[in-house]
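Asks: Residues per chain are reported as follows:
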Amino acid sequence: MANEQQIIKPKIGIYGLTGCAGDQLVIIHTEDEILNLFNSVDIKSFVMASSNPEEGELDVAFVEGSVSTEEELHHLKDIRKRAKILVAMGNCALCGGPQAMYTGDGTFDTRVKQVYGDVDFLTKPLEGAPVDAYVEVDYYVPGCPVDAKQLFAAIARLIHGSSPEPYPHPVCHECKLNENKCLLLDKKFCLGPVTAGGCNSACPNHGLPCVGCWGPNPDGNFKEHFELLQSFGMTKEDIVRRIRNFGGHKILEYIKDL
Amino acid sequence: MRILKMDSKYLKEFLESLRMFGKLYGPIWKRDVLTHDHVENVDDLVLDGEHTLIPVKKLFHPKRFNTMRFNEEGFTPNYSMFEKRVLIGAHPCDIHSLLRLDEVFLTDPADPYYKGLRENTAIIGFSCLPTENSLCRSTGTDIVESGFDLFFVDLEDIYLVWVGSSLGHDMILEKEEFFDENVTHADIQKYIQWREMRNDMFKKSFNFRDMPDIMELSYNSEIWDYFAEKCLSCGSCTMVCPTCNCYTLTDVFDVTNKTEGRRERVWDSCMFVDYSLVAGPHNFRGKRADRLKLWYTHKLKAFGGEYGRPACIGCGRCVDTCPVDINVLTIAEAFTSCEVPAK
Amino acid sequence: MTKKDVIHIEPLARVEGNGGILVQIKNNKVKDVKVRILEGPRLFETLVLGKTPEENLSLVPRICAICNLSHKYASLRALEKALDIEIPEIVDTYRHLMHHGEMIESHSLHLYFLALPDFFGYDNAVAMADELGDIVTKALQLKKFGNKIMRIMGGRGIHGENPVLGGFGKLPDHKTLLSLKWEALELLDFAMATIDILADLEVPDHMERETQFLCCKPPYDGYDYYGDELITSDGEVHPLDSYKEVIQERTVGHSFAKRSSYKGKPFSVGALARVLLLGDRLKGKAKDAYDKLYNERWHRNPIYNNFAQAIEQVFSLEGVIECVDRVLDKKAPELAKPKRNSGTGTGGVEAPRGTLIHHYEIKDGKTTYADYITPTAMFLDDIEAFIWKSGESLLASGNTDNIELQFEIIARAYDPCISCSAHLVHVDYE
Amino acid sequence: MTKTQQIENPYIPEPARIVRHYDLVKDHRFFQVRHVDMKRAMSFTYNPGQFIMLSIPGLGEAPFSISSTPSRPGILEMGIRKVGKLTEALFKKKDNDIIYIRGPYGNGFKIDQMRGKDIIIVAGGLGVIPLRSILYYVLDNRDQFGRLFFLYGAKNPDEILFKTEFFQLKNRVDIECLYTVDVDTSGEWTEAVGVVTRLFEHLPEIDPSRSAAVVCGPPVMYKYVIQELLKLKIPKNQIQMTLERKMECGVGKCGHCVLDHLYTCIDGPVFTYWDTLHFRELI
Ligand SMILES: Cc1cc2nc3c(=O)[nH]c(=O)nc-3n(C[C@H](O)[C@H](O)[C@H](O)COP(=O)(O)OP(=O)(O)OC[C@H]3O[C@@H](n4cnc5c(N)ncnc54)[C@H](O)[C@@H]3O)c2cc1C
Ligand code: SF4
Ligand code: SF4
Ligand code: SF4
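Listed in order, the protein sequences are those of chains A, B, C and D. Quick note: the first sequence uses this note's numbering, first residue 430, plus one each step. Quick note: the second sequence uses this note's numbering, first residue 306, plus one each step. Quick note: the third sequence uses this note's numbering, first residue 28, plus one each step. Quick note: the fourth sequence uses this note's numbering, first residue -15, plus one each step.
Hint data in this document are derived by calculation from the structure and do not stem from the laboratory. Watch out, some of these pointers could steer you wrong.
[Unchecked claim] Once the Cα atoms are required to be at most 25 Å apart in a straight line, the calculated BS3-like pairs of lysine-lysine come out as: (1) Lys335/B x Lys358/C; (2) Lys165/C x Lys208/C; (3) Lys393/C x Lys542/A; (4) Lys553/A x Lys61/C; (5) Lys542/A x Lys61/C.
Kindly generate the complete structure, drawing on both the sequences and the hints.
Replies: Printed below as a string of C-alpha cells:
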C-alpha cells in the first residue's frame, strides 16, 4: 500500500462516434466495476459520463460507433494520433453497424437525399463505416453491445499493459455451455454457427434464434450453413439480407462467393 | 457383489434418505431441457432413461470455473466447488463415461478439481431403456459392473439393487428395512426378461468393433472431405459428448492496478479453429477435415496414451445434436460402406 | 468573463450521443441558439424497408441503447396493430414490467449520474461519490435493479431479443419475480428519500418561460407510459394515427435530427410533460411524492424534469410490485399469432425522455414504409428557446460567470438522447 | 484451510526469480531463472528435452523447453521468442523479477539409449533451444558418449542463436560443429550457406548402428532431415525429435497437444521417428 502513489495509471479516453451508445452504456451500467475502473485508470475523456474532458495524449482510446460524418472522421484521426493503443468496441466500430448494411450497394447518397432533401449540413454525412476502414485498430472488442465481462477483462489487461484475449469461437460454444437445445434441429433460422461468440448466447438462451448481431465468425462455414438454412425453406436472398443486417463491411468477404 | 431387492413404493423415501450423505444431484427438467442439477424435490428427478442434453461430466469437470486466484504473492487454488454430493440417476453409459474420464483426469498427476469432485460424489446408478439414438449396445456399455455405489434396476414393482461400494452399503444400512436379501428365482427370471426386452428395443447400431482398423485404413480417404465441407465447426458434438475432456485456461485480471485476478477454465472443442493454433501462427489443424479426424480417432480408434481404447460410450448424443448429421453413426456407416450419405 | 460573442459548448457532456450548443451574442443580446447534433445519420427508416417485422424488432433497439426497450415496445405496438395480433392481458402486464425496468434504469442514470452532479457541483457522479457516497451507492443499486428487470424481460441488458411479436421468448420464473418484488419494496424507501433531497434544492429561474407539453394518453384513467391518443397542454386530445398533423416536422442544416413543433411552436415531452398532464392520476407513494414536489413553476421551468423523473421512479417501483402481483401465479401464455401479413399500424409509448412513435406499413410480410418520431427530436426546439431565454436574462443581469454551465444544465435536464434523434429522418416516397 | 493444503495440485506454479537475461537475436531472449526456494532450486532435476510451464499471473501459462543441462544444477535456462501475450509480458520483466514455473514435464530424450553412441544433433532455427540442453549434457558427460556432431542452421547470420557460445565450441576437439545459414545477408559469414540438410555432406563416415540422432526445428524441416538420416541408415528408433504443440496444462488433461492418441506433453515432446510412422499426425 505504501507505494500506491507510484502507480502510474493509464490515461484512457472513451469516445462515441455514430451508434446507439450501447457500449459506453455497458461501461456505465456495470455497477460492480465502474468504481474500480475510475480508481484504476485516469479517465481523461468520457463525455457521456463526465464533463471537462482533457484531449491530450492517451495510453488507450476506446472508440464506439461507426464513422458517419466528415467531422467524425477528423475526430477519429485525431484520437488515433493521440492514442498509443486504439480499441474498437462494438459492432458499429468493428463492422459498421446496421447503418452499414447496404455497404457497396451505392444507395447511400440517394437515401440521404431522399430523407433530408437538399439541406446543407454542418458536416458531410458519410455512409457508416467501421473504424478500421480509416485508421489502424490495435484491438477489437466485438458485440452489440459488448459483453461487460469480456470488455472489462480486456480493459483489465490493458491496465496491466498487455493484450486482451481474443475469443474466436461461434455463438454455439456458449449456447451449449448454457445447455440450450440447438434451434437448428427445429429448423429455426439461427445464425449462431457463423456469428462471433461472446454474448453468452443471449438469444438462444430465450429460445430465440441468433440474429448475428456480433458480426461474422471468421471460421464460420458460411456455405454449408446457408445450404442448411435453405433446406429449411428459406430463400438465399432472405438469408443474405438477414445476415447483412449486422454484418456491415465485414460480412461481405465471407459471402461474396456464395 | 451383493444384490438386494426393494419394493418400488420405498423409492422416494429411500432417495430422500440419501440427503444425509450429501446434496442430491440428478437429471431434472429446467427451462424445457433435461439437465443434471441440484435436486430440491426428489419428485423432480427424471429416472426413466431420457438423456440430459449435457452429459454428467459437467458435475465433475465443470463447464466454466475459476481454478485459482492470483495476486502478488502467487497462486491460491479454489476448491469452493467441493461439497458432499449424491448423484442419482446415472445411466450405465454415464458411469462408463466417468470411468473413461478417470483415465485422463486421475492418472498421475491427478487433476485435483476432478478428483475432489469425484471423491465427494456418491453415484447412484439407475437402469434405463434405450432412446431413439442409443448406441450403447454397439459399444458394449449398456451394462455396467463397477463405478457406482448403488445401482438400481427398475423391474416395475421392484428394484434390484446392486451394492457397489462400502458407502453404498452404508446407505442401505440406513434404511435396512426397505431391502430384502432374498432375491427369488422369479425375480431373476424377471430380470432376464427385462434384459431381453431391453436388448430388443435398440433401434440403431453400428460397427464399433471394426472401427479402429477402418479408421486407420481410411486416414487419407476423401470421405473426410465430404464431412469437412458439411461441418459447421459449431463444437456442439464435443460439448455434448460425455468423454470429451478438453479445456482452455484464461487468466483474467481484476479491474485494479494491482496484480490480482483469476485463472479460469472453460470447456474447449477440437472443432474450433484455434484449438491447435500455435505461435507463428502455425495451425496444426487449420483444416476442418483434420479436426474431424482427430475427434473420430479419439472416439472410435483410441485415446489417451496407454489406454488406447476408443472413447465412445454409445450415448447417441452426437446423433441427437449435430445439425448436419455428422456423428458416430454416419461416420461409421460412410467408412464401412465407403460411401458418403445420400443427400 | 464578460464580452464573448460566441459561446460554443462542445461536446455536450453527460448526455447520450454527440452534440453541442452554439449560442451567438451581439451587443449583449442573444442572436442565435443552435443545438447542434453532430452524430451522423443512420437512416433507420430506410434500413428496415424490405425487412420482416421480426428483423425490424431486432434492428430498432439499436437506435438507442438507453431506451432500447422503448423502441422495441413502440415497434411491437405498431406491428401488432399492423398484423392484427391480440396480446393476452398477462403479456401486457409483463410488457409493463419490462417498461418499468427501463424507466427505473434510465431515470436513475440520468437523475443521479448525469444531472445531480450539476446540483452539487461535480464533473461526474464518481467524483460526487466521495462526499455523497450513500446516495451514489444506493443510486447504483437502483440503476442495477432497473437493468436487472431489463435483462430479465429483454433477454439481456441491452438489445435483448426476448420481447417478440405476441409475447416473450422466455418468461421469468416464480422465484425471480418474487425477488423483483422484494427488491422494489426495499428501493422504494430510497426513491422516496430522493424526493426529500430534491424538495430542499433551489432551482434557478433564469430560463423560465411558458411552453406547451405533449404525451401519450393512457387508455384508462390511471397514470401510464403508453396510449393510442396524444394529449396536449392546450387540453386537446388527438388520435395517435394523426401524429403527423399534431407533430409538425422539418429538417435543419445544423443537425441530423429533425425538428418538431406543435401548432407552430416548440413543445416539451418527457417526465415533466407526463407529470404535468397526468399527475392528478397518480396514486400511492407516487402521489405523495407529487404532492411534495409539485409547484406551478414546473410549467415554465425544464429543470423540474429531473424532479418529475424522481416521481416516476417511485411510480415505476410501485408499478413493478403491482405487475409482479398480477402475474405471479399465472401460467405463461402461448405466443399470440398474427391474423394477417399486411397492414398499417402506429405504436405510441412514452420512452423515458418522452413520446416515441413508430409507424409501419407492412405488405406481404415485408416492410414498405416506416416512420420513427423520437422525443429528442420533439424537444430540441424547446431547448433552444429555453437557452435563448436564459441567455437573455443572464446577460441582462450581468450574471454570466458560468453561463455555459447554465446552458448545459438546461439541455441536460431534458436528458436528450442524441442517438435517437440523429437517425430521425423523414422518407419521401414517390 | 489445512484440508485444502493437503490437496495435491500439480497446476500451482512455483515462484522463480529471473537471475539474468540477454537478447540472443531480435525478439529472442535468453533467461536464467532460479526457484525462489533455494532448496527447491537445488533439488530440481530434469532430463534434457523436458519443458516447464511458465506463468505470468494475469497473462496465462505456456510451455518452454529447458535449454540448460541437468549436469549444471541450481539454475534453469530458457531461450524465448516473443510471439504473443505471455512472451511480450515476459520480455518486459527485469532481472530479479518473479515469474512462476512448474514442471519439469514431458519425457525428455532417451539418454540411456544414446550412451556409448555417436551423437548427431540437428537443429533448425528456434529448435536449437531444447537441443542446447542435450548438447551440454553430452559435453559435460563426454566420456559416456562417442563422437558428437552438432549441425545447426538458421535463416541468416542474424538469426543464429547463442552465436558466441556456439562459435567458441568450434575450438573444442571433442565436438564437430557445422553451422549454416539459408542466405548470407551479412557478407561476413564464414560457415556454410544453404539449408541444414546440406551439412550432412560434411559428416565423416559413421556407423549407423552405433549412432543416435536428435532433431528439432520448424515443422517443414523434419521431413528433409529425416531423409538424410535414413540415408545414413540410422535406425528409425534412434532418431529422436522434439515437437511443439499447443498446451494448456502440461500434464495430459487439457487435450490440446493430442496427436493421434498420444499427448505431446506426457508421451512427448520427444518422439522417435519410429513412433511417427505409427502416428499419422506427428509430423
Ligand atoms: C514443448 C514445447 C516447448 C516449447 N519451447 C519453446 C521455447 O523453448 N522457446 C520458445 O520461444 N517457445 C517455445 N515453445 C512455444 C511457446 O510455448 C509459445 O511460443 C508460447 O505459447 C507463446 O505464448 P504467448 O502467450 O506469448 O503467445 P500467444 O499470445 O498465446 O500467441 C501465440 C498464440 O496465439 C495464437 N495465435 C498466434 N497467431 C495467431 C493469429 N494470427 N490469429 C489467431 N491466433 C493466433 C495461437 O494460439 C498461439 O499459440 C514451446 C512449445 C512447446 C509445446
Ligand atoms: S441454437 Fe444457434 S447458437 Fe445454439 S448451438 Fe444451435 S446454431 Fe448454435
Ligand atoms: S460435427 Fe456437427 S456438431 Fe460437431 S462441430 Fe461439426 S457441425 Fe458441429
Ligand atoms: S461419440 Fe457420440 S455416441 Fe459416442 S459417447 Fe460421444 S456423443 Fe455419445
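Asks: The structure should be examined with respect to each hint, and the outcome stated for every one.
Replies: Here is how each hint holds up against the structure:
With a CA separation close to 16 Å, the supplied pair Lys335/B and Lys358/C stays within the 25 Å bound. With a CA separation close to 17 Å, the supplied pair Lys165/C and Lys208/C stays within the 25 Å bound. For the hint pairing Lys393/C with Lys542/A, the CA-to-CA distance comes to about 23 Å; that is within 25 Å, so the pair holds. Simply put, Lys553/A and Lys61/C have alpha-carbon atoms about 18 Å apart, close enough for the 25 Å limit, and the pair holds.
A threshold of 25 Å between alpha carbons decides the hint, and for Lys542/A with Lys61/C the separation of about 23 Å falls inside it, so the pair holds.
Violated hints for the displayed structure: none, as all numbered hints are satisfied.
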